[in-house]
Amino acid sequence: MEAPFALSLRQGNALRLHDLNAAAERAGLHRGMSHADARAFCPALISRPADPAGDARFLHALARWATRWCPWVGLEAPDGLVLDVTGATHLWGGEGEMLADMRQRFARAGLTPRLGLADTRGAAWALAHTGEGVAAPGETAAALAPLPVAALRLPPEMAITAERLGLRTIGDLATLPRAALARRFGPEMMRRLDQASGALTEEISPLPEAPRFALRLTLPEPIGLAEDVMAGAERLLGVLCERLGAQDKGARVLRLTLRRVDQAASQVELRLAAPMRDARRILPLFRRGVEEADAGFGIDQLRLEALDLAPLGARQTGPGGALPQADLEDLITRIGHRIGLENILRALPADSHIPERAFQIAPAAFSTPGHGWTAPRPRPIRLFAPEPIEAAGPTPPRRFRWRRMQMTTARATGPERIAPEWWLPDDHWARGLRDYWRIETREGRRLWLYHTPQSPGWFVQGEFA
Amino acid sequence: MSELFSSVFPLKRGRVHEAHGPGATSFAAIAGGMAARDRRAPVLWLSGPWNTEGLNPLGLLRYCDPAALLMARAPDQAEMLGVMEEALRSGAVALVVAETHRPLSLTAGRRLQLAAEAGRVTGLCLVPEGMGSNAAQTRWHCAPRLADTADSTLWRWSLNKNKMGTMAAWDLRWDDTSHRIALVSEARGGAGPAGTPAAGGGALRAEPAAGQRAPAP
Numbered sequence: 001m002e003a004p005f006a007l008s009l010r011q012g013n014a015l016r017l018h019d020l021n022a023a024a025e026r027a028g029l030h031r032g033m034s035h036a037d038a039r040a041f042c043p044a045l046i047s048r049p050a051d052p053a054g055d056a057r058f059l060h061a062l063a064r065w066a067t068r069w070c071p072w073v074g075l076e077a078p079d080g081l082v083l084d085v086t087g088a089t090h091l092w093g094g095e096g097e098m099l100a101d102m103r104q105r106f107a108r109a110g111l112t113p114r115l116g117l118a119d120t121r122g123a124a125w126a127l128a129h130t131g132e133g134v135a136a137p138g139e140t141a142a143a144l145a146p147l148p149v150a151a152l153r154l155p156p157e158m159a160i161t162a163e164r165l166g167l168r169t170i171g172d173l174a175t176l177p178r179a180a181l182a183r184r185f186g187p188e189m190m191r192r193l194d195q196a197s198g199a200l201t202e203e204i205s206p207l208p209e210a211p212r213f214a215l216r217l218t219l220p221e222p223i224g225l226a227e228d229v230m231a232g233a234e235r236l237l238g239v240l241c242e243r244l245g246a247q248d249k250g251a252r253v254l255r256l257t258l259r260r261v262d263q264a265a266s267q268v269e270l271r272l273a274a275p276m277r278d279a280r281r282i283l284p285l286f287r288r289g290v291e292e293a294d295a296g297f298g299i300d301q302l303r304l305e306a307l308d309l310a311p312l313g314a315r316q317t318g319p320g321g322a323l324p325q326a327d328l329e330d331l332i333t334r335i336g337h338r339i340g341l342e343n344i345l346r347a348l349p350a351d352s353h354i355p356e357r358a359f360q361i362a363p364a365a366f367s368t369p370g371h372g373w374t375a376p377r378p379r380p381i382r383l384f385a386p387e388p389i390e391a392a393g394p395t396p397p398r399r400f401r402w403r404r405m406q407m408t409t410a411r412a413t414g415p416e417r418i419a420p421e422w423w424l425p426d427d428h429w430a431r432g433l434r435d436y437w438r439i440e441t442r443e444g445r446r447l448w449l450y451h452t453p454q455s456p457g458w459f460v461q462g463e464f465a
Numbered sequence: 001m002s003e004l005f006s007s008v009f010p011l012k013r014g015r016v017h018e019a020h021g022p023g024a025t026s027f028a029a030i031a032g033g034m035a036a037r038d039r040r041a042p043v044l045w046l047s048g049p050w051n052t053e054g055l056n057p058l059g060l061l062r063y064c065d066p067a068a069l070l071m072a073r074a075p076d077q078a079e080m081l082g083v084m085e086e087a088l089r090s091g092a093v094a095l096v097v098a099e100t101h102r103p104l105s106l107t108a109g110r111r112l113q114l115a116a117e118a119g120r121v122t123g124l125c126l127v128p129e130g131m132g133s134n135a136a137q138t139r140w141h142c143a144p145r146l147a148d149t150a151d152s153t154l155w156r157w158s159l160n161k162n163k164m165g166t167m168a169a170w171d172l173r174w175d176d177t178s179h180r181i182a183l184v185s186e187a188r189g190g191a192g193p194a195g196t197p198a199a200g201g202g203a204l205r206a207e208p209a210a211g212q213r214a215p216a217p
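Quick mapping for you: the protein sequence lines, in order, are chains A and Z. Under my numbering, think of the first position of the first sequence as 1, with each following residue one higher. Under my numbering, think of the first position of the second sequence as 1, with each following residue one higher.
The hints are simulated quantities; they were obtained by calculation from the structure and are not laboratory data. Treat the numbers as computed from the prediction; the structure is a model and nothing was measured. Errors might be hidden in some of the hints.
Going by beta-carbon spacing under 7 angstroms, a handful of chain Z positions derived as facing chain A [as the list claims (entries may be wrong)]: (1) Ser47; (2) Gly48; (3) Ala67; (4) Leu70.
Glycine included, C-beta positions come from ideal geometry on N, C-alpha and C.
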């Protein structure tokens, strides 16, 4: 971008410049300047909010990509990567070729890197942050000598103090007696100086490899018996569950892919009722799916993958090492395999006085039992869509026909008036208020009737039985 | 409570029972509530798309804890019975209730009995009238009755089939203070005569006429 451009970040209560391009720097702006001041200096400034978290994610992605040059890649927060290329440069034909390759690939990705290469991490940092350069092996001191003091990764105040004392370059520092320097600037200065020269070693900690929860087993000879496939699955499952345990995770969905010799593959997917990592419990759940799978001319590869992970800490076991609820979870998984996990439901209490909305139905595998049920007034045991009956007037009818049965009212209790929840549009409540009556009939049936006074009508909505 | 009644209710564990009639839902809820409390395990209630009358947890609340209730919807009766067998065999639930809409074959009924015995879980099929299976341990006809006082929970439960004893009928009500079923009286001549075939229709006609008029077609 040619125009002055900056990213702004809110720090404390002020909007400050977080990053800016060369054009903005030429206009006299610098990092940390307040955004209002920057706009005053340079009215043409274009700015966008900065996204440090997004930058960090991008840097992680770059770090993974950078393992293409060498395996030892660490982060140099907030905006750098540090690579230990020892023993890797010859693969690219030398240091210069490797740097050229990096530059070319970064450019292709639309990035402009600043590369520095030296014997020590500190020296490489200094070179990368003050223009670019390569310090030949053993020439670190010479390469560092003309660089400014700030290139030693010193806190800004310390660098400014050093400059005020006339110590402009690292070479100036190196000529001074160490004792005097340490007295004046403290141990931090000495540490950074030693790290740059190599007198003090500095480690690079590479990013941890993201754990992978997929395994495969390739067989020398195809197999076809369900028992054999289960034996293979058991071997994979044991390792997978160990890995899950190391990460304190449990799998919710497992997929076993059976590749046949004719390259076709059948998949057995297991959706578990709860996150799980107990191989002994999971294995029998696979049986039904494995028995249904078509082995064709034989299966020569098994692949097991945990698709949906959920955190699962260690759980307290009961006597004999059994987990409470384990049987029930396994049962829900097996039933879920038959009719679908979403068809196994439980009711949860909901906060509404509308009878049909006073509870919620949720899949049992993805909810916990709700407590705190209350019914201040008797409610029918069965609820159904309102069925109109022929009756008139605000008091319950003496006789009525319902589902082709003649009913005679013996006792009516009510009315209980329920008003619609006007804030929720509901077509079923379009008739307005409802006056509910509990009707005991001479025939025995106990029904829940309601009358709608605002647009007269009588309906049966439930049965107490 | 009568000795005969306590020999058949609570329902014999590890067997499959049947209930029908307009009060069968509350019968299942009471049986489920007792089983869930005794065995500290949930009740699995199976149903399918043929059933349009949904359960109301707030209505069940009186007889059993809705938190201990799992509901499952099966696409057809065959799948539902498969799920029921699996649940009975697992032993992980206290009671399995299945709302069937077609008669069970003897083979299916027998399979369920074997699964219930293996898992020591009680099964209860809510069957339409006259569609019971011969494999059932007991069959109950449950109907609400009109009480003389303002009591909204009077039922007549008649035992129409009993593999291990005699048949009888009882009038019962729910006692809200002790939270249990209370026997009001033993109905005289409630059960059908000995030798009545298990089909519900015959047993129904043998009932006393009060409150048990068959619906007019």
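Going down the list of hints, with the structure as the test:
For the restraint placing Z/Ser47 at the interface with chain A, the shortest Cβ-Cβ distance is roughly 10 angstroms, beyond the 7 angstroms limit, so the hint is violated. The interface hint given for Z/Gly48 is violated, since its Cβ lies 10 angstroms from the closest Cβ of chain A, which is over the 7 angstroms cut-off. Interface restraint check for Z/Ala67: the shortest CB-CB distance to chain A comes to about 4 angstroms, inside 7 angstroms, so the restraint holds. Restraint check, Z/Leu70 versus chain A: the minimum CB separation of about 5 angstroms is within 7 angstroms; hint holds.
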